[in-house]
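Taking the hints into account, I'd like the entire structure generated from these sequences.
The lines below spell out each chain.
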Amino acid sequence: MKMDDRVILRVGTKVLSPFILLFALYVQFHGDYGPGGGFQAGVIFAAVFVLYALVFGLERAMEVMPAKVAYACGALGVALYLGVGYLSMFRGGEFLNYSYLFDPEHDPTHGQHYGIIGVELGVLVTVFGVMVALFYAFAGRRRIDT
Amino acid sequence: MTEAMVQIVDVVLLVLLAITGIAVIRTRNLFVAVMLAGIYSLVSAGLFVVMDAVDVAFTEAAVGAGISTVLLLCTLALVGYKESKPQHTPILPLFVVIVTGGALVYGTAEIPPFGGADNPAHQNVAAHYIHDSEDEIGHIPNVVTSVLASYRGYDTMGETAVIFTAMVGVLLLLSRGPLPKRVYHAGHWHKVKRGVTREDLIAEMEDEEVHDSTVVGGEDEDG
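Line order of the protein sequences matches chains A and B. So that you can map any letter, position 93 of the first sequence is 93 in my numbering, and since no number is skipped, the others follow by simple counting. So that you can map any letter, position 180 of the second sequence is 180 in my numbering, and since no number is skipped, the others follow by simple counting.
Calculated from the structure, these hints are not laboratory results. Errors might be hidden in some of the hints.
Below, in silico cross-link-like pairs of lysine-lysine (DSS-like), each with a Cα-Cα straight-line distance of 25 Å or less [said to hold, decoys possible]: (1) Lys181(B) to Lys193(B); (2) Lys14(A) to Lys68(A); (3) Lys191(B) to Lys181(B); (4) Lys68(A) to Lys181(B); (5) Lys193(B) to Lys68(A).
Shown next as structure tokens:
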């Protein structure tokens with residue numbers, strides 16, 4: 001099928017993409033109140049780029065989201081997670097004890113709240129980067145006819 | 001929902017699950033099998049919702065039905081979608097599956113009733129999470145998030161690292177990376193020119209091979 005024949009797919013993808021991204025952010029930040037969190041949000045975020053690559057082709061998707069950026073995201077999320085853990089350690093608590101992120105005498109739940117947001121963001125970034133990188137790795141190979 | 005309605009939904013979902021499972025086994029078309037596996041994940045997600053495990057259901061729907069289906073389809077695009085006929089009889093695998101399945105079904109007799117307040121799973125830390133997370137973690141109505149990100153932050157850190165490791169593994173196996181500066185082919189090193197694509201390079205090497213075998217053929221003692 002020629003590219004030009006798929007008007008509904010192309011227009012539909014362009015219209016839906018921002019809403020899917022927004023929904024991923026909703027899933028991320030609403031995870032404290034309902035189902036959801038970094039893992040699910042990361043997968044939904046990556047799904048937008050997978051959809052884009054399926055409709056517009058891998059090359060154009062790699063212009064929007066270069067593979068190197070995806071690899072970097074995969075590592076950055078883990079670093080962010082560890083960073084929150086070490087930060088609470090340097091503030092006087094145990095590793096990953098977010099209560100010490102802010103003044104623990106005043107209100108430990110304050111630090112807990114921001115700690116959870118921090119690590120969930122780390123999970124989101126890692127899952128997003130890994131899913132996009134895996135898709136690129138699989139889709140980027142040509143079929144080898146034997 | 002009343003008890004009877006929940007049971008009807010359970011039965012419908014489980015029957016759908018069984019039908020999809022059998023259909024996956026029976027089909028020889030791998031494309032159909034992959035799509036059915038996606039449906040299987042989606043029905044499982046529905047079952048998790050009925051069991052009030054909405055976070056798990058969400059993940060199952062997004063990963064099982066979404067991303068992994070796409071990855072499997074990408075794999076099929078590489079390897080083709082026809083499954084070759086099995087070369088051995090299915091007697092031994094069938095025997096193993098029946099024995100394992102029988103053991104699992106036998107094991108369910110010992111499982112405490114679903115959702116019972118006296119179940120061992122609800123006796124230890126679960127009660128603490130439900131009673132005290134409001135004071136310890138703050139106002140996070142979804143206790144799953146408190147447990148996952150704070151009480152069990154170590155586990156989630158490990159999971160994130162595992163996902164990262166999966167990426168590293170797949171990239172090492174599948175990705176092709178940048179071209180090297182020189183390649184060894186047909187007995188000597190070739191410099192790779194700047195800006196040459198992989199396809200050009202492969203074509204060039206194949207030409208070289210023809211050239212070598214016709215002109216210098218029989219110089220095998222070096223290699």
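How the hints compare with the structure:
1. Lys181(B) to Lys193(B): This hinted pair holds, its Cα atoms lying about 8 Å apart.
2. Lys14(A) to Lys68(A): Distance ~24 Å between Lys14(A) and Lys68(A) Cα, so the pair holds.
3. Lys191(B) to Lys181(B): holds (6 Å)
4. Lys68(A) to Lys181(B): holds (20 Å)
5. Lys193(B) to Lys68(A): holds (23 Å)
Violated hints are absent here; each numbered hint is respected by the structure.
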